[in-house]
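Line order of the protein sequences matches chains A and B. Be aware that the first sequence starts at 55, since it is given in my numbering, and climbs by one per residue. Be aware that the second sequence starts at 38, since it is given in my numbering, and climbs by one per residue.
Calculated directly from the structure, the hints in this document are not laboratory data. Think of the CB as a built atom: it goes at the ideal place given N, C-alpha and C, for glycine as much as any other residue. Hints may contain errors.
Stated by the list, open to error - Using C-beta positions, here's what the derived DEER-type ranges look like:
(1) B:N235 x A:P95: 14 to 22 angstroms
(2) A:P95 x B:L72: 43 to 51 angstroms
(3) B:A66 x A:P95: 41 to 49 angstroms
(4) A:P95 x B:N121: 26 to 34 angstroms
(5) B:G138 x A:P95: 24 to 32 angstroms
(6) B:E180 x A:P95: 25 to 33 angstroms
(7) B:L67 x A:P95: 46 to 54 angstroms
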Amino acid sequence: MPEQLKNILWMSEELDFQMKPSLKNEAKTIINQFLERTANPQLSHWVYRA
Amino acid sequence: MSRIRQATKIDLPTSGHIVSHNADEVRAALKNQNLSRILVLDDTSFSGSTNLIIEDLVKKAFPDRRIDFTHGFLILNTGNLGPNPGAKQRLFANGDRALGGLEMQTPRDDGWHFFDLVKQQDLENHLLAVSEILTLLGQPNFEHLASAFLSDENILKLVFPNIFTTEELEQRRSEGHFIGNSKLNGDFHVRNPQLMPNIIGQGHLLPPEDWQGSQKEAFALLIQLEKLLKRREV
Chain A
55 MPEQLKNILW
65 MSEELDFQMK
75 PSLKNEAKTI
85 INQFLERTAN
95 PQLSHWVYRA
Chain B
38 MSRIRQATKI
48 DLPTSGHIVS
58 HNADEVRAAL
68 KNQNLSRILV
78 LDDTSFSGST
88 NLIIEDLVKK
98 AFPDRRIDFT
108 HGFLILNTGN
118 LGPNPGAKQR
128 LFANGDRALG
138 GLEMQTPRDD
148 GWHFFDLVKQ
158 QDLENHLLAV
168 SEILTLLGQP
178 NFEHLASAFL
188 SDENILKLVF
198 PNIFTTEELE
208 QRRSEGHFIG
218 NSKLNGDFHV
228 RNPQLMPNII
238 GQGHLLPPED
248 WQGSQKEAFA
258 LLIQLEKLLK
268 RREV
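Hey, can you work out the whole structure from these sequences and the hints?
Here is the structure:
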């Protein structure tokens, strides 16, 4: 995984913790799989909200 | 309150906001409360507009009371939106307090509600229609082509399930439940729209031809996520 993408996912994890602590692992995995395929490596961050 | 956007313009400009309570209903609900200090909570604020609309609504309900507003967010924008100040600066300029657990700074940072990609009715067919729009994205006359595609009312409703006509919004406005532009442009307006074309257009997602794997596989992940949502396993 490109280093920048790792940073994005780390940032997403941090925001997820802030936004929705209860987001379950299966949903997190799917979201991360989608972003790994589609996200621009220059992306700043994503906000998770159910 | 919910932001309403103009469905037939490709950049989905804001038409206004639907509010659950009009000024009379706010007054009835809060008349016996001490309103000297009000805390308004929201998840994220980019421009501060939503909070200022709430603040104006409460002030309209209680024009004779002195109220200090504090606005609290999980994420607060401290940057600018084009030539205009972002949320923190606008709320401070309004004489309010504003604080966020995290701060972001546009245009350096940006954020999207991920679940807006997924929480759409008839998701499989919805994504087929979105896929058609995505094929037009690289075209020089994209806006014209996309508008033509969306001019079919059935397709428009498939892409934007939560759609309102101008007449419906004017009816809500007459009841005080819609606060928006004095003149509504276009015939259709939408709540919680699918924003994938806009997210790609702004460079936050890659165009589908650059995705790893096929578009079908990527959309299958969104459909899988929606099934979890429906089973409340998110």
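Evaluation of the provided hints:
A hinted range of 14 to 22 angstroms for the beta carbons of N235 of chain B and P95 of chain A is consistent with their spacing of about 19 angstroms. At roughly 48 angstroms, the beta carbons of P95 of chain A and L72 of chain B sit within the given window of 43 to 51 angstroms. Taking 41 to 49 angstroms as the suggested C-beta distance range, the pair A66 of chain B and P95 of chain A conforms, at roughly 48 angstroms. Our hint of 26 to 34 angstroms for P95 of chain A and N121 of chain B holds, since their Cβ atoms are close to 29 angstroms apart.
The supplied range of 24 to 32 angstroms is met by G138 of chain B and P95 of chain A, whose beta-carbon atoms lie about 27 angstroms from each other. Taking the beta carbon of each, E180 of chain B and P95 of chain A are about 27 angstroms apart, inside 25 to 33 angstroms as hinted. Here the CB-CB span from L67 of chain B to P95 of chain A is close to 48 angstroms, well matched to the stated 46 to 54 angstroms.
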